[in-house]
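**Student:** Given only the sequences and the hints, what does the whole structure look like? Please build it.
Residue numbers (our numbering), protein chains in the order written: chain F, 43 to 302; chain A, 460 to 579.
Hints are not guaranteed to be accurate.
[Said to hold, decoys possible] In silico DSS-like cross-links for lysine-lysine, where the CA-CA straight-line distance does not exceed 30 Å: (1) F:Lys-215 with A:Lys-527; (2) A:Lys-461 with F:Lys-114; (3) F:Lys-90 with A:Lys-574; (4) A:Lys-527 with F:Lys-90; (5) A:Lys-574 with A:Lys-461.
Simulated from the structure, these hints should not be mistaken for lab results.
Chain by chain, the residues run as shown.
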Amino acid sequence: MADTLPKTDSLQAKGILERAEDSLLDSAASAGLRFFGRMSASISHELKNTLSIMNESAGLIEDLALLAERGKTLDASRVKSLGATIQRQIQRTDQIIRNMNRFSHTVDEPFKEVELVDFLEFILTVSRRLTAAKGVAVAVHSRDRPIAVVTRPFFLHCLLWRLLEFGMQWVGKAKELTVTPAKKQPGIVIRLLGVETLTPEAGRDFPAPPERTLLALLEAQFKIDVEEKALVLVLPQRVSDGRQEEYASNTPSKGATPCP
Amino acid sequence: MKTLSVLLVDDEEDLVTTLAERLVMRGIEAKWASTPEAAFEMLNQQRFDVGVLDIKLPRASGIEIKRKMESMAPGMKFIFMTGHGSEKDFERGSAEAGASNYLLKPVDIELLLTKIREMA
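**Tutor:** What follows is the structure in structure tokens.
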């Protein structure tokens, strides 16, 4: 078999692969939109909470001032503590907005190099309200840092959230999940631990079509390890950018290795 | 006139303590809890006329808390607060508590006070 395709065949192959990628992207877009909506709603809920605290604190300062006008001694320490509460909430709001901004910009670049440990910590921060609503604490533990990956950040975030959601269904009594990314040449292995109630039936409905689409786009592989009580995601160190180089040059795939 | 008693339940402690303090200033006997467990404990010790509940709390929804409280304290009335304000939440909350007893955050203290007095 020839090592390289003739130029016309190569162009045809490129077109087919581009159409396949477009189709995958279309499928992923609807999952991505739902995910974007979910995260935005959670962030807006957090903002409403900080606004509510500031609203009540300002209202209480006003109440205290009205009472002082009527002759009651103004409790200066209470006013000071309410001022401090408002400042804390302003800082909290600022952080929420920074996170929201960073999250919104994950859609800007279809491919990007990210530092995976930092990215995972960011995902957990953005999702904290949703995981806390289930009473589950999630943390990232990694011996390897930095772990650089070239990936599709938005779709990776989307897939990791879906894995977290799935993992929360199988969390143990401790209600704690741990995300452990590690370099494992030639790719990256991310294990979600703490899924102590996993059974073989867990894999019956997961990964479902949206997750499978995301796995394909990210050239990733997923495995439910019932014995080890872990969800295992294997990512390539660099996802192929079909439009730029990989397909046209006919180089071997840089996709993920099989699940260990 | 009878002093009305209110139990406020929200995981945002800074919110619930301040709201309780403002209600007390307006003649309401207001207590607060930041977890469902603490709220049930307080309900075991005291009777409340009205419960003001956040619709989404860690580990339990306001609706679940309301159901348990109703079984513990028949006749207690409820008002839901939410930061969401989505159509789905509104439908769920209004079906459970009645649309007029469903408030969006940030809550207007005078409106909350009016609703507490109407309900009790």
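**Student:** Next pair to validate is Lys-90 of chain F with Lys-574 of chain A; report whether the Cα-Cα distance is within 30 Å.
**Tutor:** Given that 30 Å is the threshold and the Cα spacing comes to 21 Å, the pair holds.
**Student:** Are the Cα atoms of Lys-527 of chain A and Lys-90 of chain F separated by 30 Å or less?
**Tutor:** Since the Cα atoms of Lys-527 of chain A and Lys-90 of chain F sit roughly 27 Å apart, the hinted pair holds (cutoff 30 Å).
**Student:** Taken at face value, is the distance from the CA of Lys-461 of chain A to the CA of Lys-574 of chain A at most 30 Å?
**Tutor:** 16 Å, holds
**Student:** Are Lys-461 of chain A and Lys-114 of chain F close enough, with their CA atoms no more than 30 Å apart?
**Tutor:** 25 Å, holds
**Student:** When you check the alpha-carbon spacing of Lys-215 of chain F and Lys-527 of chain A, does it fall within 30 Å?
**Tutor:** 23 Å, holds
Violated hints: none; the structure is consistent with every hint.
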